[in-house]
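Peer 1: Next come the chains, spelled out residue by residue.
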Amino acid sequence: MRTFFRVLSSERLKMSKSRIWLLLLASPILSTLIGALSQPPEGADPWTVMLGAMVMLHALLFLPIMAGLFPAFLCRYEHTGGGWKQLLVLPVSRTAVYLAKFTIVAGLLAISQLLFLAGILAAGWIQAFTAPIPWAMIASSLLGGWVACLPLVALQLGVSLSWASFAAPLALNVSLTIPNLLIVNSAKVGPFYPWAQPLLAMMPFGQSDFGAFNLPLESLMITVVGSFLLFFAVGLIHFRRKEI
Amino acid sequence: MNVNFNGNANDNQNKELIIQTKDLTKKYRGRAAVDHLSLEIAKGDIYGFLGPNGAGKTTTIRMLLGLIQPTEGSIHIFGRELHKDKLAILRRIGSLVEYPSYYGHLNAVDNLEAIRRILGAPKSRIDEVLEIVSLTSESRRPVKGYSLGMKQRLGIAASLLGSPDLLILDEPTNGLDPAGIHEIRELIKSMPAQYGITVLVSSHLLGEVEQMANRVGIIREGQMVFQDTIQNLRLQASHNMELVVSEPDSALWLARDLGANGTLQEGTLIFPGMKDPQVAQLVKRLVENGHDIYRVEQNKKSLEDIFMQVIGEGTRP
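So the sequences go chain by chain: W and G. Quick note: the first sequence, position 136, residue 136 per the working numbering, numbers continuous. Quick note: the second sequence, position 309, residue 1309 per the working numbering, numbers continuous.
The shape of chain G in the complex, shown without the other chains (with noise of 0.2 Å):
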């Protein structure tokens, strides 16, 4: 299967980017963690960033939350360089890095407060992110007591404490079972329209984002393989159009008189990349022959399919 991973990123020119980084690099002992990493985020995604563990992607999100710094390249972000407006552009990021950061002897209402009192945010945001993330019933019991899902709550409304532009959230359903990964899914999905926020959320798991993302970048060893939208990346994964027919190898010729290029795998015929007036050209015209279609059906799967095939080329061996 030969599929090309350049995906164009035109449609995003003409929006203002939230997020910016070029060439970003970020190298331990030699070795690039991050490697000349040039991602683009605008005002309104949900932009999913995917790789493996280890692919850099919290390495990234640490040096755009300023943890660390770039070995070499640049960060903008709300069309400002980062290390030079740090502390007014962490003004209005608010962010989840990795696993959720607490203080277990106070309860929620004071761990967010605690926050507040930073950020210099009115009193009342917390009990209006406690309503978010729905944990006003438990705000007043120490946050040790909590499960892993509700603490992942709570680093959720401490991060929209300051009513950020930006959201920046790194594996929020890492450890959540699947009622929480949905609640948190839900949450993030309607940031864009209700709140007016842009959110990066990184993921391992393509499954995970592909429901809420619109734009995707994936990551491995610290280089960008993919960056566009999750329709273009979808389109590239239900690319194969898989038919069953009684006759395959007649209507193999027929396909191919009719300029589609299949390929016969044990009695399925195979198209890659044929689009809908195609498809329906050559159900007609086997119809016609006189031809028995048992199934014509596109490989749903095969997102996943790119997506490892994506993340594991050039895996060492």
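Isolated chain W (complex conformation) (with noise of 0.2 Å):
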């Protein structure tokens, strides 16, 4: 346990001084615009309005991708300098390693809901909105957009340690997160898609009612839960075994 604390502020340090950060403020600018522009229909409560049509961005794009983008990142230090060598020579488990990077993005991606956050505040006080502001709704769509994120960061943490290229596990995630618009109107495989669960959990209820839209978020998470097991597990176990 000590060796992880010890990995995790060594990951913190190299991440310090690159300007990844910048990416975190992407999604919630564009977000901020699109719910500042939004116009909430009279007689429906505004804030799930507008929180309905920010997260389509966010949640449909952004989070899958940042998911994969940012253990891509994380690993390329490793990749490029020969890194790989040189830390796992240090007398760290492999294990700490691979739990201090999954840290490190889930971290990240807190972050980026927090900023997202502040985005649906932004906006609601630029709209001016006078309705009282829904916190249990926000708070759920945003814990549950970042659970549903995890599985995605296991899948991509294991390819990028696997892969010694930048490109192929960024791709790898593209491809999988485009067909989420298709596939999240599908009511038989929007549930079981790992890339659509961001925005399914994200979407507030009742706010859409088609394809994979307003299931109920416990049923949501057996997908998430499955899939997390099982991409965290396979790449920790790879990376174990792997020959540096």
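Among the hints, a few may not be true.
Unchecked claim - With the Cβ distance kept under 10 Å, some of the chain W side facing chain G (calculated, not the full set):
1) Thr3
2) Arg6
3) Ser10
4) Glu11
5) Leu13
6) Lys14
7) Lys17
8) Tyr77
9) Gly83
10) Trp84
11) Val89
12) Pro91
13) Val92
As the list claims (entries may be wrong) - Quick list of in silico lysine-lysine cross-link-like pairs, DSSO-like style, CA-CA up to 27 Å:
14) G:Lys1084 with G:Lys1022
15) W:Lys17 with G:Lys1144
16) G:Lys1123 with G:Lys1086
17) G:Lys1086 with W:Lys242
18) G:Lys1027 with W:Lys242
19) W:Lys17 with G:Lys1123
20) W:Lys242 with W:Lys14
21) G:Lys1043 with G:Lys1084
22) G:Lys1027 with G:Lys1086
23) W:Lys242 with G:Lys1022
24) G:Lys1043 with G:Lys1022
25) G:Lys1043 with G:Lys1015
26) G:Lys1022 with G:Lys1086
27) G:Lys1144 with W:Lys14
28) G:Lys1123 with G:Lys1144
29) W:Lys242 with G:Lys1084
30) G:Lys1015 with G:Lys1086
31) G:Lys1123 with W:Lys14
32) G:Lys1189 with G:Lys1123
33) G:Lys1086 with G:Lys1043
34) G:Lys1189 with G:Lys1043
35) G:Lys1086 with W:Lys14
36) G:Lys1084 with G:Lys1015
37) G:Lys1084 with G:Lys1027
38) G:Lys1189 with G:Lys1015
Honestly, the hints are just simulated from the structure, not real lab data. As the structure is a prediction and not an experimental result, all values here were calculated from the model. From the three backbone atoms N, C-alpha and C, an ideal C-beta is built for every residue, glycine too.
Combine the two chains into a complex, taking the hints into account.
Peer 2: Printed below as a string of structure tokens:
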């Protein structure tokens, strides 16, 4: 456990000097614009309608893509400079390295969700909504979206650890994310497609009434937890056995 | 030339062994990259690990550092089994494998800090190791702008960060200019005396480790073909005593009377394995018998020749 925190602290240092945090800002800024420009109809809860519009871009594309980009970025330092050898000859277990990298990515995505929250509040302030802020709904949307990203992180981390190329994991990730545009509309496939889960989890309940939307969060979590366990275990076992 | 390469390792028996492998083997698709290798490296040694490219040096080193698993055989480091006490053993080893590793976007201090955080070494150690490799003045520049020699020095600084008892350096002078090679060599030479560190240094050039190693292991196609002190290698290497005299034919007969079996090649008398007293006696007798002696020399080149012969033997056509 102590080595885990040591590796974590070392990973944080490597991250801190890179400009990857700029990427975190992209989605919240765009989403805030979408939210500020949305026009909630009379009678409906304006927060729910606005959030429904905002998550389309953020959770359909940005979250899954960031879930693939950050692991690739985090492994890139080791791949380019021959750093795997340097890192793994230190007194660290590979499990600790894997967990530390996973934790960093999960942390970055959590920050992204918090920035998105700031975007929601800013858009609502620009729109001058008078309705009370639905904290519970927003919280479950943000948390659900974050959790739904973790299987993707696990898969992408596993792929990024084993492939020395920076582009290949990204290509894989994007080509699995783009079908989201169609798959979320399918009531059959949507609930089981891991890349669609961030959007399905973040969409406020009752906002969209077609396709895979409006499934209870609990049933989505079966897909999320199941795919997470699978990807995480395969990635970790493969990394532990990898010849460096 | 008939030379016995199975040098004895008796002088090593009373010393504490830092690295000991037994029948260490690594197979890739049935082909052995490292084949029943038995390394013995004693405390305070600078052990030159020699062999041509592709002989299995790096594969062996990767196994010693736990980066890959051996197919067969055992590894003991500091008297403990590697796969049982891996983390505790790795804590006491500093290493540089193949080419230097670095985080290009960080400066030297941050590169070392990233490693220091994992090792839990004191912060002051960073300045110390930068001082040792003379990088202090460049330490605030991003490493991607460094020359290869500076990166190599940073790699060595990183390997020293945890105050190791054993240093494993794989081709540390690869790609360096002569001045850089000299600098690294002097640095490595000072390790056992100044810091009590045992060093394993690999190279494909004998000349490079000859001047710093006290023991050498030579491998070819994954197998150890020579493991002994550098003096013993040198002894075998400097066997040939060459004499140029005025009347070589009769001088050869004279030598045979003394029990020295030589050959005559292009006017030069060659005596393999001739000891100093024999040389003195032969010269004395030649002078007494009215021979003019033009040259008496030891064939210095043949250390490299021996190495070439050792690594060249059995080369597949």
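Peer 1: Enumerate the violated hints, using their earlier numbering and listing them in ascending order.
Peer 2: none
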